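**Q** Chains as they are written, first to last, in this note's numbering: chain A, 16 to 396; chain B, 16 to 396; chain C, 16 to 396.
Check the hints yourself; a few may be wrong.
One copy or two, either will do: identical chains are not told apart, so a pair holds if it fits within one copy or between any two.
[As the list claims (entries may be wrong)] Calculated cross-link-like contacts (lysine to aspartate or glutamate; reagent style EDC-like; alpha-carbon spacing at most 20 Å):
hint, residue 1, residue 2
1, K317, E259
2, K342, D78
3, K320, D202
4, K320, D292
5, K320, E215
6, K276, D292
7, K342, D76
8, K317, D202
9, K305, E104
10, K291, D357
11, K276, D294
12, K373, E215
13, K291, D377
14, K342, D102
15, K291, D122
16, K326, D94
17, K305, E259
Simulated from the structure, these hints should not be mistaken for laboratory data. No experiment lies behind these values; they were computed from the predicted model shown.
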Amino acid sequence: MKKSILAVAVGAALAMAGAANAEVSVYGKAHVSIDSLNDGDESFIYVSSNNSRIGFKASEDIDGGLKAGFFAEQTITMDGIGTTVFDRETYVSLGGGFGSFAVGKIDTPMKNLGRKIDFFGDQIGDARNLTAQSNSLEGIGFTVADYCAGLTTTTTPTLAACTASVKAKNVGYDARPGNMITYTTPDMGGIAATVAFMPEDGTKKGSGFDVAVNYTAGPLFVGAAYETHGKGMNASLASAGSDETESGMRLGASFGMGDLKVAGLFQSLKNIGGFKDFDTTVIGVGASFKLGAGAVKGQLYKADKYKDTSKTGATMIALGYDHSLSKNTQVYAAYAVTNNDDNAGYSMAGAGRSANPKVATDSSGNSESPSGLSFGMITKF
Amino acid sequence: MKKSILAVAVGAALAMAGAANAEVSVYGKAHVSIDSLNDGDESFIYVSSNNSRIGFKASEDIDGGLKAGFFAEQTITMDGIGTTVFDRETYVSLGGGFGSFAVGKIDTPMKNLGRKIDFFGDQIGDARNLTAQSNSLEGIGFTVADYCAGLTTTTTPTLAACTASVKAKNVGYDARPGNMITYTTPDMGGIAATVAFMPEDGTKKGSGFDVAVNYTAGPLFVGAAYETHGKGMNASLASAGSDETESGMRLGASFGMGDLKVAGLFQSLKNIGGFKDFDTTVIGVGASFKLGAGAVKGQLYKADKYKDTSKTGATMIALGYDHSLSKNTQVYAAYAVTNNDDNAGYSMAGAGRSANPKVATDSSGNSESPSGLSFGMITKF
Amino acid sequence: MKKSILAVAVGAALAMAGAANAEVSVYGKAHVSIDSLNDGDESFIYVSSNNSRIGFKASEDIDGGLKAGFFAEQTITMDGIGTTVFDRETYVSLGGGFGSFAVGKIDTPMKNLGRKIDFFGDQIGDARNLTAQSNSLEGIGFTVADYCAGLTTTTTPTLAACTASVKAKNVGYDARPGNMITYTTPDMGGIAATVAFMPEDGTKKGSGFDVAVNYTAGPLFVGAAYETHGKGMNASLASAGSDETESGMRLGASFGMGDLKVAGLFQSLKNIGGFKDFDTTVIGVGASFKLGAGAVKGQLYKADKYKDTSKTGATMIALGYDHSLSKNTQVYAAYAVTNNDDNAGYSMAGAGRSANPKVATDSSGNSESPSGLSFGMITKF
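Take these sequences, add in the hints, and give me the full structure.
**A** This is the structure in structure tokens:
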């Protein structure tokens, strides 16, 4: 994904030319799948582009051990539907023995922790279908009406306020906010931490904050992250009756034993949409086992119901086989299903993907359980 | 257009460095012209960017004779008007002795056949001004009102249904659909075929299909293509009264004799807009003759009236001179005129170009005949 | 900003490979700052991307001394807000002993003159906050209501016409029009001139024209530019009562004496918005002084009131310190304040930057005076 093929060329050529300039690299990843997706009612064939991207990066070594960097990454769609220019991570950085600062559009430390644990990133069954809880809720098939209909109280929040809140553009917890400032410590005996600050930029609605600490010791990885959203981070928080600061906590761990790797995640969110004590949790476990040039894998994620609601939880199961054709090119097959409670509406195909049918409902308006089978190819360059 | 200048650098540098990675190339074509265009009534000076583009491509040779590829191409405008990110061909491919599969946004085989025959691609007089018959109808100066006013029957389709149908976003027959799957055979004694499938992606409105067979033998080229559009390919097909599958057929051939090259095209379209028996045909002939570093060229395309309509045909004539300044840079002059029947409204400047005045009408509402003179430069990199 | 790092690689590799092709380069500049900005009432922390960009360029030497070129440049935002694809300078060129022609989206010669004089380009305090007088008036914090409320006459233009005019998309005088044609002379003993023509492209509203002459002699630079906007260049000129051609004149000069550099600008605009005798002038002076690897700098720009208005002028003062970490990477601190007359509404943070709070007004509706402190980093690649 971040290979510096042009930088190699540049470096080699510069060695000959005796020049001394910043290196620039073009890199990317193409990830496309052909899927049979069932919305809980009917199946169709889809083509999906799964966070395919191209990027440009440059860095310069400066006297005194400093390093200046630039990074700009762009989503590539395969369906004629456009995206924002340089919509993915795009930032400048300045690092040294003291650690590294970066400013721009950057994945949050809490998101990065989740990405380390997920065995199905950008495939069907991606953990974010349950963990993101963001403005992409509807994008990933979450039905606002279902979500809010699950409330057992009509007071806090009311159905109308709930609907308005969820529809608002929440930042969520697998986000890549713009205009963010981060500081990452150097590695300290296997421990490294990142702190992120999202200024309120004149909105008078409060800033955002995220901190994550990761520990690596041989085959063991353990991480913890905590994130808060002031009103400036979450348009819905301006609604009447929702004046709390959103917060989320994520714990993750993985361990390798020979060809086996296991991992788990726990997530707890508080005051979703700014509503006091409107909380939920998600847990997930997964494993992979190497088989020659390939690996079999599976994971299970479970989202609890929202506090004071009924039937708003879901369980997602994903099974897959990845096969490497080369160091840079991989093919895979994956199956995923999300069993929704009547008032949930989680997808299993939305996160990181373009093909994602809306979850069907039965004649009583209860959510069905979507499933899918996906055959994909990933090639890095 | 697809030259791999950076790949050369990368290859050379890698040879030195002993690395072994996918190659990535940046390539492109800038094509700009200064035109005097007459809408049939008045002339103005225009600057036009004619499908200028930049692209990125990468490929990797995999053990066992496989080859994985990535391709992403972007239109460049010169007028401050934006386009979708990677709006041109953008796909991944996997090939081998069995042929090649590609998935993404890809020119249809039928379009590619037409491109091989056109002597004025992306210049004024481009054959697609008459052949495309797509949602770009209005874009290329086609007046919906004129088109539908030409109907001699008020029953199938009615004027209102006709207008709605044409205004809808038809895929047309010089298209680059997203989320398409293609398979191209290896060369078999000069014969190669491509099959393309466009899934309905959950629209429940039918898929698209395209097949083309090309034969090359020395200076001779012959090709045939057939394409169908289910309702999912053509929003207008959902209209009441239009429940047929659109289909089109294209035959093309070219032959070279020393400095002379001649080519011809025949196209027959059925059930346009989904209306039963609402058909038309286009024929075209052209020739070029080399003169030193340049070539003179001309072509004539003729669109028949639509079946059961009156005065909806047109004839386009184009004359030009191309002059190569180098292997990569060319200048040219071109003249084109489209003689419209009273109820037609074809342009001669729309296809592949940014400058395209709307066709004028006289005081009786009858279409005028637009013409233009264009001086352009093309440079490939 | 325009360094050809990849071209170097390509050139070196080609020298080995014996090929002979156009060179292509990827280059860019990342410029991000963290600011404390006061809108005249309250202060907030902001992150700003200041015309960060990435570009692609290619050129080919052609027999006979000709040189064909291609250039496409793209803004990079760091805040998730998109821009047009290749929204910056994007053109093709053909040059030789006779000079150079370019066609596409190009900075006007008058803009380029202003850029040579500005000590705070893309930083807070950028001269264009006062000079641009364009459709970005509101973008840079100019309050239309304030501007028009300053009129002392209700006849030419009326308040309503004034508001409509200013809100219309004026081209302004620090512009980068699309579809422009330019010719630049070769250097003639230190003198070079550029003529630019912006065709009316069928709008029937008149074309634009710009000419600049620059003279360089050792440490001395002197330049003059004149620009006119026909109605086609300025949508507001079609308004009733505004039938004049806009025009502007700019004079600039700079002189270096050892570590000191001084520069000054004078600008006079006529018939703004197409209203006869609705004129204004801007003057500016600045200086910088080198201190080791850094430089201190300051500038003062003053915009007169609009003719026949009251209290529509402003004075902007900027102070800064730039420090080079390397040839390609610079950090800086800058302070700027704009003292607005009651009916003006000029910013000091708008031009070339993403973070720009709207200028506050007091309880009487009079404009406040915005100020800010900015810490930035620029890295070129």
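**Q** A separate judgement is required for each hint: does it hold in the structure or not?
**A** Comparing the hints with the structure gives:
In this assembly of identical chains, K317 and E259 lie within 20 Å of each other by CA distance neither inside one copy nor across copies; the values are 26 Å within and 46 Å between. When the C-alpha separation of K342 and D78 is checked against a cutoff of 20 Å, the pair qualifies only between copies, where the shortest distance is 11 Å, while the shortest distance within a copy is 35 Å. In this assembly of identical chains, the alpha carbons of K320 and D202 never lie at most 20 Å apart, being 38 Å within a copy and 58 Å across copies at closest. In this homomeric assembly, K320 and D292 come within 20 Å of each other (Cα to Cα) only inside a single copy, at 13 Å, whereas the closest approach across copies is 56 Å.
Taking identical chains as interchangeable, the C-alpha atoms of K320 and E215 are never at most 20 Å apart, the minima being 31 Å within one chain and 35 Å between chains. Taking the closest pair of Cα atoms, K276 and D292 never come within 20 Å of each other, the shortest separation being 36 Å inside a single copy and 62 Å across copies. Taking identical chains as interchangeable, the C-alpha atoms of K342 and D76 lie at most 20 Å apart only when they sit on different chains, with a minimum of 11 Å there against 29 Å within one chain. In this assembly of identical chains, the alpha carbons of K317 and D202 never lie at most 20 Å apart, being 33 Å within a copy and 52 Å across copies at closest.
Taking the closest pair of Cα atoms, K305 and E104 never come within 20 Å of each other, the shortest separation being 31 Å inside a single copy and 36 Å across copies. With identical chains, the CA atoms of K291 and D357 are never at most 20 Å apart, being 24 Å at best within one copy and 45 Å at best between copies. Neither within a single protomer nor between protomers do K276 and D294 lie at most 20 Å apart by alpha-carbon distance, with minima of 31 Å and 61 Å respectively. In the homo-oligomer, the alpha carbons of K373 and E215 lie at most 20 Å apart only across protomers (15 Å), although the nearest pairing inside one protomer, at 34 Å, exceeds that limit.
For the homomeric pair K291 and D377, neither the shortest alpha-carbon distance inside one copy (32 Å) nor that between copies (37 Å) is at most 20 Å. Taking the shortest Cα distances, K342 and D102 never come within 20 Å of each other, neither inside one copy (27 Å) nor across copies (29 Å). Taking CA atoms no more than 20 Å apart as the test, K291 paired with D122 passes in neither setting, with 27 Å inside one copy and 53 Å between copies. In this assembly of identical chains, the alpha carbons of K326 and D94 never lie at most 20 Å apart, being 36 Å within a copy and 37 Å across copies at closest.
Proximity of K305 and E259 under a CA criterion of 20 Å is satisfied in neither setting, with 46 Å inside one chain copy and 51 Å between copies.
Checked against the numbered hints above, the structure violates hints 1, 3, 5, 6, 8, 9, 10, 11, 13, 14, 15, 16 and 17; every other hint is satisfied.
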